[in-house]
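S.K.: Residue numbers (numbering that gives the first Met the number 0), protein chains in the order written: chain P, 0 to 342; chain H, 0 to 354.
Calculated directly from the structure, the hints in this document are not laboratory data.
All C-beta atoms in this analysis are idealised placements derived from N, C-alpha and C, irrespective of residue type, glycine included.
Hints are not guaranteed to be accurate.
Simulated pairs of lysine to any residue, SDA-like, Cα-Cα distance not exceeding 25 Å [as the list claims (entries may be wrong)]: (1) H:Lys-107 with P:Ile-26; (2) P:Lys-178 with H:Arg-115; (3) P:Lys-179 with H:Ala-31; (4) P:Lys-179 with P:Ser-282.
Computed far set for chain H versus chain P, every beta-carbon distance over 10 Å [what the hints assert, rightly or not]: (5) Glu-67; (6) Asp-73; (7) Glu-112; (8) Leu-116; (9) Leu-147; (10) Gly-163; (11) Ala-181; (12) Glu-191; (13) Arg-211; (14) Val-282; (15) Ala-321.
Now the stretches of chain H that chain P is said to cover, found in silico as 3 or more residues with beta-carbon under 8 Å [said to hold, decoys possible]: (16) 101–109; (17) 203–209.
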Amino acid sequence: MNELGLSSLYQLTMARFRLLSREPEAIFWIFIFPILLAAGLGIAFRNRPADVLPVAATTSQLTQALSADKGLNAKEMDEASGTHSLATGAILLLAVQEPDGVAYQYDDTNPDARTARLLADRAVQVAAGQRDAVQAENQLIHETGSRYIDFVVPGLLGMNLMGSAIWGLGFAIVEARQKKLLKRMVASPMPRWQYLASFLLSRLVMLVIEVVAFLGFAGLVFGVPFRGSLWQLGFLCVLTSMAFSALGLLISSRARTMEAASGLMNLVMLPMWILSGVFFSASRFPAVIQPFVRALPLTAANEAFRANMLQGTNLTHLVAPVGILLAWLAVPFAVSLRIFRWR
Amino acid sequence: MNDATRLAASGGFADSIKKPALLIRGLRKAFADVQAVDGMDLEVAAGECFGLLGPNGAGKTTTIEICEGLTEPDEGQVELLGLNWSRGSRELRQRIGIQLQETQFPDKLTVEETLRLFRSFFRHGISVDESIRTAQLEEKRGSRVGGLSGGQKQRLAMACALVGDPELLFLDEPTTGLDPQARRHLWDLVDELKLAGRTIILTTHYMEEAERLCDRVAIMDHGRVIALGTPQQLIATVGGEDIVEFAVSYSQVPNAGSPPHEQEAVRGNPGPGAPGHERVQGVVDAEKLTAIPGVQSHRVDAALHQLSVSELHTTVPRIFAALAAEGLHLSEFRTHSATLEDVFVRLTGRNLRDE
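Only chain P is shown next, with the shape it has when bound in the complex (with noise of 0.2 Å):
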C-alpha cells in the first residue's frame, strides 16, 4: 500500500465518497435534482416568441384583410359558429361585416384580444387604402440576462449548495452518534480534527462536480451568462458551501436522534428557501425584516452569484456578502467544536 492509503485523513475522505455514492437517494437530490427544477422552470418561464393570435371573419375579403398581418391567424366562418368559437376561446376576436362597415366582437378584459383588436382593425384599414402617416421602424431586443431563468439559475445554486452541505454533514453525523459509530471512532486513535476534515474534503471534491453540472447545463441549454470571473465564482461557491457545512455541523453537533436533527434542518433552512431570494427578489419583503433577511447566509450567497453572473461584478465590491457569508463560517464552526458531543 502506498503512503496516501495509509493515511488516515485519505481514508476517512474515501469512506465518505463511498457512503455518499452508495446511496442513489443523495446522488439525485445533490446532482439530478437542480438540473431537474432548472430545466422545468427553465421551460416554464421562458420567453416565447410573440403569439399569433387567432381571429376568425365572416366574409372572404375580411379573413383576406386579416390574414395580411403576420401577428393574426384568420379564418372565414359564418356569425354562429364565430360567436361560438369566441365562447370557447378558440378564436379571439370575431369581424363581422356589416352594412357599413365592420363589427369587432371581443372581449377587452383579455389583454390578447384587445391586441387582437388592434391587429384587426389595422389590417382592414390597410386593406381599405389607409397609409401611415408616420414612418416608424421595429428594433427588437431579447437580453439574457434579464430572463427569469437568468434570476434563478444563482438562486437555485445557493440553494443547493446549502442543501447538500446541510444534509450531507448533519444526517451522516447524527447517523454516526445514533449507532455509536462516533463513539467507536473517538476510542481508536483517529485525530478527531481528522473526521470533521474528512466531511469539509469530501464536500469540496463533490461541490467542483455539483457545481459544474449544475451551471454547465444552465449554460448549455439556457445560455445563462457568466460575466463575472469564473474563478471568483469558484471561490464563492467554496465560500458559500463551507458556510453551510459549518452550520450543518452545528446543527447535528449536539443531536442524538435523525428525527431531532432532520427537524433543526428544515427549521434551518425553511425560513431561507422563503427569504433568501432563489425564486423572486428577496427585496419584496417589508423593510421591516429586511436586516434579518440580508443577514442570512443564503441571502449573502444568492446577491453574491448573481452579481458574479449577471452584473460580472468583482470580488472588491463584494465585501458586504463576502463578510457575511465569513462570519456564517467561523461563527458556527467554533461553537460546534465546543459543543460536539462525539458520543
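Keeping the supplied structure of chain P fixed, place chain H upon it in accordance with the hints.
M.R.: Same frame as chain P, but now just chain H:
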C-alpha cells in the same frame, strides 16, 4: 501464561515482577441519581484474560468505558500499561484495542474498507489481510457490512479492535445477542488471542462464557466487586461441588409425574412459574437438611430448595431418606455442578438473569 504471571494473577507479589496491565483504585462514577460504580479496586496482570461479570446494570460497561478513556470517573485512578488517560492518552489509544457494545459500522462499506479505515488510525499494527484472516472473514472480505450476520459483525468489530496489534484488549459483551454457534465461534477467536499472549478484559453476563474464557473473574453487583478470583476458586466458595435443587409436596397430593423440562434444565433456574406445573409447597425443616452429612448450605427461593453438596453419590440418598421421613414427596429434583451462577446466587440471593 508463565508461573510468574499466574502468581501475579492471584494477587501475589505482582508489582515487584511486572507492572499490571490495568490498575484501578477507588473508582466511583454516578449518573444522575444512579451510583454506577461505587468504589472499585482492581488489578489485571499482563497476559491475563480477565472477566467482569454481573447482571445488567451492575456497572460493568461503565467501568470498562472509564478504563477505555471514554467516560470520566468522578473519583479514583485508572492506570493502563503504566500510563493514564490524563497524560498518556495519545500513546494509550495506539496500544489498546477496543470493542464496544453495539457499535454499528456503516452498512455500505465493505469489510475490507472498514478494516482499512481503522488500520489507518494506528502507527503500528497487523495488516488488513491478517486481521481478516484472524477474524475468519475471508469469504466476506468484499461484502458490505449491512449484509453480515450478527456473528460476522461481531467478528468484524473484533478485527477492528485488533488491527492496531494491541497489548491490551477490551471486549464489552462480545457475545451478547449471538446464537450459540456464533458464540462458540467467537470464543475460539478469544482463545487464539489468549494464546498469542494478549491481555484481555471482557465483560459478560453469561456465566459459562466467563468460566470458559477467563483466567480470573470479578463478579460485580451494584457497582462493586463482590467476589474476585479464578472461576474455580469462586465456585469453591459455594461450599460444595454440586447443587441439588428440589421442590416437595405432601405425599397425600398425587404427583403428576416428572415434567419433561426438568431433564433439560441441567443448569439455571426455570423459576417458580414454570409452565404447566403447579407446586404444592411442603414444609421442609431447613435444619434437618443442613444436618445431613455432605450438605453444606440450604436456601429456598420461591418454593424451590437449593442445597450445595459435596459427594453427590452418597449425599443424595440421604436427602431422599430425610424427605421421606418427613412425609414429603418430591415433585421436582435435579442436580448440576456448581457454577459461577451459583456463586452469584449465594452472594446476592438473586439470579443473574432475573434482572
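S.K.: Does the structure break any of the earlier hints, and which numbers would those be?
M.R.: 4, 5, 7, 8, 10, 17
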